Every structure is written in structure tokens, then in C-alpha cells.
Amino acid sequence: MLGATNCVRTRCLCQAGYCMRGGVCAEAEQGQCSVNTGGTCRLFRCDASRGPTQCDEGSCVCEHGLCAEDGACIVPDSVIVADVVRVDDAQPAFPGAQGLIPTALCFSGGGARSLSIVLGALRALEGLGLMPKVAAISSVSGGTWAAGIYMFADVDKEELLGAAAAPSGLTLAALRRRPSRLGATATQDTMGIALELVAGGTAPDRLWQHTVSRAFLDAFGLDEPAFMALDADHVARIKARNPQLQHSRFVTQAPGRPKVFVMNGALLAPVGYLASNANVVSWQMSPEFTGSPFRPDHAALSYTARNHREDDDDVGQPVGGGLVETVAFGGPAPIEGQGGSRAARLHSPRLPFTLGDALGISSAAFAGKLEVKKITPDNLVPKASVWPVLASADAPGVAAHEYSLGDGGDVENGGVLAMLQRRGGARAGRDT
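Residue numbers for the sequence shown follow this note's numbering, beginning at 198 and rising by one.
Bear in mind the hints are in silico, worked out from the structure with no lab data behind them. Just so you know, not all the hints are guaranteed correct.
Stated by the list, open to error - Derived DSBU-like pairs (lysine-lysine); straight-line CA-CA distance at most 30 Å:
1. Lys436 <-> Lys456
2. Lys436 <-> Lys580
3. Lys580 <-> Lys456
4. Lys330 <-> Lys456
5. Lys566 <-> Lys580
6. Lys354 <-> Lys456
What the hints assert, rightly or not - DEER-style ranges, computed between Cβ atoms:
7. Arg373 <-> Ala497: 52 to 62 Å
8. Leu325 <-> Ala371: 17 to 27 Å
9. Ser589 <-> Ala381: 49 to 59 Å
Computed from a predicted model, the values in this text were never measured in an experiment. Don't be surprised by glycine CBs; every beta carbon is placed ideally from N, CA and C.
Using the sequences and the hints given, assemble the complete structure.
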């Protein structure tokens, strides 16, 4: 009934050379977008470097509804309806559960060391029965690796974290046992994974995100080009007002976890300009909303060109001011609603902003060093299209710019700032 399809991951997807029209896979007509990326999947899988694909007779082919462009599967230019929330001194309230946080855990950065410490903390808190009292988790870098797995992996908690052990039970035999599933990720060969991704054609500015995603999420079925959402109800709301996403993949938080999860990164500078201690601001990512709340010093920030000459003027760029629903993050500035709207019309992002993207940005410690010190190759730095939320619905629109993004530790390494902002504490997401 669906026409020429293949069964991929329990889903019926159109075969190569076919497009979904009227609920049926029909042969693509001349003039329609191409679905073949030009890549092969005989040696390497397609997902990481080419977006949402299926492997069809050795070729990387876009899933239905997507088009192949420059070797990757992108969302065709279309309109997506999503929430844009203003968060600044005049309107400091955060949306939904993010504005009601009585108790939060903050996990700092530090790579695999932080992952191991967070594992122990979560194991202890679960063992003491205290996690149901935690409303939110805020994390940075290696803390985000562990927290991201804990929040999204729908796995029995003891299997995920391991059982608590009394000091008297820490025998050599006990220490030789296989680690818990989360603990096992701490020894992943990230260099080997990165080399494999390079060989498979992953773009430089997406290499770190995909390396992190493969290393820490693959074992839990979360390393896929899927949108993030809070839960099934959130997915249903997104799809109800965006029918074009009806067949899109989503990953949601596992049941029995804190309601709010904020992964902290840093908004460094527009591409082609230098980041500094004076202009790097907090970048906050969650399954619901992504962006930079509040406005640093209530003014545009100044950036100096990377190849600066004495007669060059620094560029002033407004940043921050609020959040956009994560499903719509990454596209150009809104068609309408840039000053805040519960149903803003935006251009669709070309690719889903994934859990792996958030983990990678939160832990991209090298990015700030490359940007501040003008070290090349800066093309390894994660990038995204970013625009500010305006202070007034009547203000003229501000275009999106491609920004470099980096580790949350470039602003504040403890993950505390995001929670203080949600409790009415710190207001400027800036390292002062």
C-alpha cells in the first residue's frame, strides 16, 4: 500500500529514487530534489556524516521528506512553528518547568574524570532514594556526557549506574567486575572514533560532536540524527503544529528522571571574528529550549575580525535575550515572532539539533582556545546559525549569523549559572 519501501529500524521508508507523495512512495520525477547523497555505506555507516539516512544497496539515501545537498540530507526550505521565549531583565521568567526549580544538581566539567564522578554521585543519590526530590540537572562538558546518558538512556538504573558497594565489599574480585553501562563509556577510544569519522567524510566542524555522540551515546541507541524533546506529549505537540515532521525521529528523556535538563556551552563569536573574555556568553541547551537568556550589559557585544587591520572597525552584535524551542534551533531568524511568540513561524533548520550535538558543544574545550588565540585549524570548532530574541515585538528583525560554539567551562565550569538564573539570581550570562 505504501509503494516502494524498505523496512529500516521498524519503519517503512521510501527506496532510493522514490519520494513520499500523498502517503505513497512514488518514483521521483525530474525536478524534484535528489535523495542520493553520493556516499556509500559498505564500510562506514551513513548517519553521522550525512544526517538522517538509510543504507540502500550500499548507498546513503535520505529518509523521506529530506533532500540531498552537498553530500548531506537536509530539511527542504520550509516553515516550522515553534515557541520563541523572551528572557531578559524586563521578562525574567523561564518557560514551563524551567521556571519552577526548587532543587537542582550541578555537574562540572572535566572530561572522563567528571563522567566518573557524576556516575558515583548519581549512584549514591539513587541508592539513598533522593533523586525523586531533584527537579533539575545542569551540567558542563564531561559532566554533560554522564548526565546526558542518565537523562536519556531508558535503561534500568542499577544496570546503568551499577549497585552501591560498602567499603568492606571492595575486594579485588569486586573491582574486576565489568563496570556499569554508563561507567564503561569512560574508556572509549575517541581518537579511533574520530579517525573513522574522518575517513567516512564527516565535516570538520561536526567532527567533535559526532565523535562524542558515537563514543557516549551509541551503546544506548541515542547516536542518531534525531530531534530532542522532553517527552511523548511534547513530541505530539510539535507534530500537531508541524505535520511535515510526522515521520521525523525524536529522542526523549527517560521516565523517572528530573524534569529539567540544561546542558551548558558557550557562545564564542561570529565566524570570522575573535572570542575574548569580554564577549563570550552562556549558551544553554535543553530538550525543550536552546539559547542565551538575558542580555550582557544590555548592549551589543563587540567582536574583532580574525584578520584584524588597524583601519578595521569592530562589529557590534546583539546577542541573547531568550530561547527558541530546540526543535527549531539552527535555522535563520524567524519570519515573525523574534520578540517572543508562542507560535512563531521560523525557517526550518537544515539538520536536526541532536543530543549528540549538545554533548559535543558542551565539551568542546578546544574551541575557545582556537578562537581566542587565533590558532588554526579553527574549522574544527562547532558552529551554528544564531539570532537574538528581541526586547520588543515591534523591534526590527535582526538577521541570524553563524557563530562558533564551545565548552560551557569557557563561561562557568560548575553549571551553577544556569540554575541561579532560573532562581532569580545571576542575570548576565557572561564570564566577569
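Do the alpha carbons of Lys436 and Lys456 lie within 30 Å of each other, as the hint requires? 21 Å, holds
Restraint status (C-alpha distance of Lys566 to Lys580 at most 30 Å): 15 Å, holds
Lys354 and Lys456 were given as a pair; does the straight-line alpha-carbon distance stay at or below 30 Å? Distance of about 16 Å is within 30 Å: holds.
Supplied distance hint 17 to 27 Å, evaluated on CB atoms of Leu325 and Ala371: Holds, at about 21 Å.
Outcome for the supplied range 49 to 59 Å, where the beta carbon pair is Ser589 and Ala381: Holds, since Ser589 and Ala381 (Cβ atoms, about 51 Å apart) stay within the stated range.
Holds or violated: Lys436 and Lys580, Cα atoms, limit 30 Å. 27 Å, holds
For the pair supplied as a hint, Lys580 and Lys456, confirm whether the alpha-carbon distance does not exceed 30 Å. 28 Å, holds
Has the given pair, Lys330 with Lys456, been kept, meaning a C-alpha gap of at most 30 Å? Holds: Lys330 and Lys456 sit about 11 Å apart, inside 30 Å.
In this structure, is the beta-carbon distance linking Arg373 and Ala497 contained in 52 to 62 Å? 58 Å, holds
In this structure, none of the earlier numbered hints is contradicted; all agree with it.
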